[in-house]
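Protein chains: 2
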Amino acid sequence: MKLTALIMAGGRGERFWPVSRERCPKQFLSLTGDGETLIQKTVRRLLPLVSPEDIYLATNAAYLDLIAAQLPELPPENILTEPCARNTAPCICLAAGIFRRKYGDAAMLVLPADHLIREEALFLESLRCAVKAAETGRLVTLGIHPACPETGYGYLHCASEESPCNVTQFLEKPPFETAQALVESGEWLWNSGIFVWTLSAVTEALRLHLPALYDALSPAADAWETPDFAPYLAKIYPSLPSVSIDCGVMEKAENICAVPCRFRWDDVGSWRAIERIGDADTQGNCLQGDVVTVDSTGCTVSGQEKLIAVLGLQEVVIVDTPDALLVCSKQSTQDIRKLLAALRPHHCSVL
Amino acid sequence: MKLTALIMAGGRGERFWPVSRERCPKQFLSLTGDGETLIQKTVRRLLPLVSPEDIYLATNAAYLDLIAAQLPELPPENILTEPCARNTAPCICLAAGIFRRKYGDAAMLVLPADHLIREEALFLESLRCAVKAAETGRLVTLGIHPACPETGYGYLHCASEESPCNVTQFLEKPPFETAQALVESGEWLWNSGIFVWTLSAVTEALRLHLPALYDALSPAADAWETPDFAPYLAKIYPSLPSVSIDCGVMEKAENICAVPCRFRWDDVGSWRAIERIGDADTQGNCLQGDVVTVDSTGCTVSGQEKLIAVLGLQEVVIVDTPDALLVCSKQSTQDIRKLLAALRPHHCSVL
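Residue numbers (numbering that gives the first Met the number 0), protein chains in the order written: chain A, 0 to 350; chain B, 0 to 350.
Since the hints were made in silico from the structure, they are not lab data.
One thing to keep in mind: the hints can contain errors.
Which copy is meant is left open, so a pair is good if it fits within one copy or across any two.
[Claimed, not checked] With a cut-off of at most 20 Å between alpha-carbon atoms, the simulated SDA-like pairs for lysine to any residue come out as follows:
id, residue 1, residue 2
1, 172, 348
2, 329, 296
3, 337, 296
4, 305, 322
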């Protein structure tokens with residue numbers, strides 16, 4: 000079966016402020032320091048399986064120039080511009096409709112643009128396995144063997160040790176004690192947010208579980224590549240509910256399975272990711288730039304030319320950029336949105 | 000009796016790094032933001048009591064240009080240049096010898112250049128009181144009614160409620176619980192490090208309690224204003240013991256008294272001083288520059304033009320300068336010297 004891919008690249012990367020900015024969010028940055036941005040990695044990883052002309056990007060208009068500059072190999076007509084952010088379900092529903100018009104039936108990979116995957120060969124192997132499972136009509140998600148009781152992820156309960164295995168329960172962002180129990184049980188996987196399904200299966204699931212959304216977006220898909228497409232989308236999109244594919248479809252559907260994956264994966268969801276991605280020193284500090292630490296443990300510091308001296312601190316994140324400096328406790332990294340809201344009135348130039 | 004003054008201005012202000020630097024330590028900075036430096040304040044405060052030609056400064060050669068620029072009213076010959084730092088006793092011993100040659104007997108005020116005093120009229124009143132006590136031959140220190148159980152200060156035990164009162168015990172930097180008990184007893188004062196004595200009394204005390212030091216420095220005083228002075232001092236000074244006047248004389252002498260003072264005083268000894276000097280917001284944060292805080296309490300932030308965003312932090316000090324950023328816990332502000340030692344090998348340009 001033909002393989003197509005939708006890469007969702009509309010995120011604003013707020014929790015990586017001040018390195019990630021509204022005008023250039025984290026998927027367009029090289030957080031790993033190797034010069035390749037997260038979205039470039041995401042596309043390159045797919046190329047052994049999917050041709051560039053079958054890879055689509057969903058994003059918003061502000062990022063079209065960045066995409067053209069970073070991904071010249073993608074046909075410009077494969078960029079789907081969302082009029083506004085409405086989470087993943089509307090975006091997937093729109094893309095699936097467009098793909099059906101173009102391909103009839105096909106396997107559809109759905110991937111966020113900003114995830115980090117270490118072992119790319121294992122990733123491709125898992126994708127092939129997932130495609131095979133999808134071809135039987137199931138909705139497949141890549142499940143990651145949890146490396147730690149991370150509280151920021153969703154968890155999938157797998158009824159058996161088979162691969163793929165049926166998913167019997169979703170649990171989103173559990174508290175720490177719960178996460179610990181899930182990890183210890185050996186029966187739960189992290190939900191990677193990377194999905195594989197056939198166009199017919201996902202269309203059927205959307206029509207069943209999100210019928211209003213499906214009905215609203217079907218005319219848009221029908222108008223794809225006509226002058227009516229953009230005006231219709233601009234009219235209808237803001238009125239759509241903001242709903243994730245996990246909540247809207249995956250948690251309701253019966254035919255869900257997961258392919259357990261062994262590659263190291265990170266959603267790079269907050270500054271805490273740096274301690275998972277980067278190399279920590281013997282005190283557990285992850286340091287980038289000209290940084291000196293004394294009596295400090297578990298700190299993540301991202302600097303540039305300026306010397307950053309850290310003294311007597313535990314579990315603090317320090318991010319210095321030319322026009323804004325962030326200093327925050329590690330346990331507050333999920334609250335950066337709250338900080339950005341506080342900055343918006345008088346500091347919008349640094350957002 | 001004639002009044003003379005020695006201002007000790009050789010300190011390196013290390014604990015105020017990175018604002019205070021070796022080339023321009025804190026006594027030459029306006030930490031209060033009013034444009035007047037600490038040493039300028041120290042001299043100006045004395046002028047109602049002491050003429051400029053009777054005010055001497057002890058410092059090191061590196062600061063001669065700063066002193067000339069900031070204190071043009073002082074005669075250049077009143078600047079005593081120490082060849083190296085040897086704490087307060089050698090400096091006071093040398094100055095007392097020089098003063099005796101010039102003035103015969105006189106009252107001598109000794110003051111650090113970098114203390115902050117709020118109520119200047121009360122300060123002058125206390126000094127007048129101290130001079131009177133000194134004229135009876137006693138060694139007088141200004142004692143400050145303690146505002147809190149500060150662990151970084153020395154404490155004086157006063158036997159009575161008289162003013163001046165005899166000092167029966169010195170206690171240097173007690174642990175917090177002890178400091179609490181001292182403050183609650185009402186019998187202890189902070190040792191301000193501001194002293195008043197006659198030249199005859201302090202000379203007698205130095206000869207009695209630090210005889211080797213006294214003997215080594217007498218020839219230097221005799222050579223004052225001759226070509227032999229500088230070479231002799233350069234030869235002898237490095238071999239002198241580094242000893243404070245508190246340890247070397249005050250804790251041993253019998254004729255010590257304190258004038259209890261009511262003015263608010265701060266030795267500006269570390270970044271913690273800013274919370275005592277500055278105005279805190281309702282969350283106990285002292286903020287200078289373009290700073291936004293969220294979910295943060297008790298933080299001291301000193302920035303410049305760049306936005307500093309602080310999230311989810313308690314009791315942290317953040318000091319941003321163009322070439323160095325310090326982030327440290329409040330309880331580590333006394334350990335900045337340890338940090339500077341770590342910086343010296345590879346970052347001496349920012350010291």
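Problem - Violated hints - listed by number, lowest first - result: Those not satisfied come down to hint 1.
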